[in-house]
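Asker: Here's the letter readout for the chains.
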Amino acid sequence: MPSLPTASRAAAESDHARALSRVSLRHRLAERGLDRIIWLAVPGFLFVVALFIYPAIFGVVLSFQPNDDSGFFGNYIEFFTDAYLFDTIGNTFRIALPAALINVLASIPLALVMRGKVRGKRAINTILIIPISLGTVLVAEGLLTYLGPQGWFNRILMGIGLIQEPVRLTHNIWGVIISLIITGFPFAFLLTLSYISGINPKMEEAASTLGAGRWQQFYRVTLPLLAPGLAITFCLTFVLAFSVFPSAVMLGNPAGDSHVLSVAAAQTAFQKYDFPLASTISVITAVVELLVVALVLLWRSRLYRGSSAGGKG
Amino acid sequence: MTNPLNSDDFSELRLEGVSRAFGKSAALADLTLTVKRGEFVALLGPSGSGKSTALNCIAGLLPLTAGTISLDDRRVDHLAPEQRGFGMVFQNYALFPHLTVRGNIAFGLKMRKVPRAEITRRVDAALALVQLSAHADKQPGQLSGGQQQRVAIARAVVVEPPVVLMDEPLSNLDAKLRHEMRAEVRRLHQELGLTTIYVTHDQEEALSLADRLVVLSDGRVQQIGTPEEVYLRPINSFVADFMGYRNLLSMTAHGVDGADHLLLRGDGIELTAVRNDESVLDGPVTVAMRPDDLVVGQSGGNQFSAVVTSIEYQGRDFEVQAVATSGAALFLRTPERLIVDQSISIGISPERLMVYPATKKSTPAAPVPEHEAV
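In the order they appear, the protein sequences are chains R and P. The numbering of the first sequence is the numbering used here, which starts it at 1 and goes up by one. The numbering of the second sequence is the numbering used here, which starts it at 1 and goes up by one.
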């Protein structure tokens, strides 16, 4: 710009410098992942604060303020000394653990089959996934009549002479476990399917050319690569099953062996109107879940977790 | 060893009429080939030609729709891959990412229930062979592409398989590494006395490695022969095209001249070619010429004129595209500095022309089966 007068040139240069520093600030923020797109996260952030963080802190604080004058840890002492309350932990485990294990284990062979070319794959997937769209209440209601003493299940078994007396599958933990499998299995299956699909089938072919039979291909190649995914799948289905409520009330025996943590919390809150103790039960539920998840993730951290797509890096 | 096929007692692998169809399209039709023990055979062809299908059929990863595969007199085509015991090196290596380099190489020996001490000894030997002893305890993901490829080769050969199958093993490497690994593959083949079937689409690779080439197109064998035979005497215009005869002209044969040379005419160009017993003397032909055989200027043989359309600098020489007066596009290589739109005279000696009976325009290739895609 040779023709510009000195003054305006200086002005232009300082404008230029300002523009540069403005740009560079924006660039530096962008480097740290802060640009205008970050505003899109605001609604989600507000929801999390309003619907999760605030209620969670409120509940934790409330759990340390018992209705009586038993002190800071009063509710916790009550929970762990009252056998009827304390047993809920064991009851919940007895229902959630088998349900989550069955969901994960049963999803493996099915996912192995469904990852290949299967006739009517979409139809089968749809049927497998439908139970997600049914509410847990609807499933519990249906099972109550289906599995009941006069239900089809028992009538068929008696009709073919397999049993003489109806099998009791309702109003005990069996009904609850079955309903958790029906509603939890689709989740486990979908997750496992996506993890299995990420494993390059060439690796199983490679194992077979090295002399590995079907079982060894699965046991030595597919399973080790799938295990980290199975750990996550287990955590999610376990947490889903651990917070079981409707089916425990409707299909189980909520005063007896399906007196689970969530049922205890609900009864304490809405029958005894003891909100602080109910909060305590909820906090204990969360802590137990987190302990189980932490244990599983600790085990997972010892596994190979890199790419299982095969090939370079 | 539980491997039913002991590598020491076979003298040849025989494929007879091996075919594989996907639905109605034949990915591989009627492959008949005998591979002698110790031989290095390359299956060569463009993608979709059926070469990988052939390899998968031999390995047992794909069932045949027809034909037989036998080691000497023992049929193996009904055996599962793990019973066949052929070593295979995959294009993407297919290393087990959760096992160390050592674990990968030991895998086949473990499957064969080789005693632990012997596994250690043989894996150590294989590691030394591919010069990876220093990396034995790394995971495959920590290695470079070339190193991963060496692990894949060591894993396949450590079990001493009767036949080693390699599926475009070098295609994922960069040019320099590919060159080095090519020498490495050849060295291993010779040092270990392997019998190797090698799939590639790279004619240079096939020529430099193999004892014998099998050129495939559209699932059918076009030509089987030594590298020299295939390179110097391609059997048809497809093989010629694939072996680097980039100039294919449609012309007409008009008998022979006084010097017993075949007379060819087409679109204003006249050429003479040395004839052989199979030459078509009359009628439509395809004339194939290598870019290297076209000479700019007088050469004492055939002569015709063309106009330069594009020039690519290639270091030692230039790759030039030109259009003949007939409108035919020509490729040639020359050290001479030409300019675009320059009129040039092109010469080619009659011995350098390959003349084939004209084929109908080749039909578009059948849809490529999934596993064939590169």
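Careful, some of the hints might be misleading.
[Said to hold, decoys possible] Once the Cα atoms are required to be at most 20 Å apart in a straight line, the calculated DMTMM-like pairs of lysine to aspartate or glutamate come out as: (1) Lys113/P with Glu204/R; (2) Lys36/P with Glu160/P; (3) Lys36/P with Asp73/P; (4) Lys110/P with Asp35/R.
[As the list claims (entries may be wrong)] Simulated restraints on C-beta separations: (5) Leu79/P with Gly120/R: 53 to 59 Å; (6) Val118/R with Gln83/P: 23 to 29 Å; (7) Leu105/R with His78/P: 32 to 38 Å; (8) Ala134/P with Leu303/R: 21 to 27 Å.
If you're looking for bench data, these hints aren't it; they were derived computationally from the structure. For glycine and all other residues, C-beta sits at the position ideal for the given N, C-alpha and C.
Asker: Next step is simple, just say for each hint if it's right about the structure.
Answerer: Hints versus structure:
no. : hint                               : verdict
1   : Lys113/P with Glu204/R             : 19 Å, holds
2   : Lys36/P with Glu160/P              : 16 Å, holds
3   : Lys36/P with Asp73/P               : 14 Å, holds
4   : Lys110/P with Asp35/R              : 54 Å, violated
5   : Leu79/P with Gly120/R: 53 to 59 Å  : 31 Å, violated
6   : Val118/R with Gln83/P: 23 to 29 Å  : 26 Å, holds
7   : Leu105/R with His78/P: 32 to 38 Å  : 34 Å, holds
8   : Ala134/P with Leu303/R: 21 to 27 Å : 26 Å, holds
When each numbered hint is compared with the structure, violations occur for hints 4, 5.
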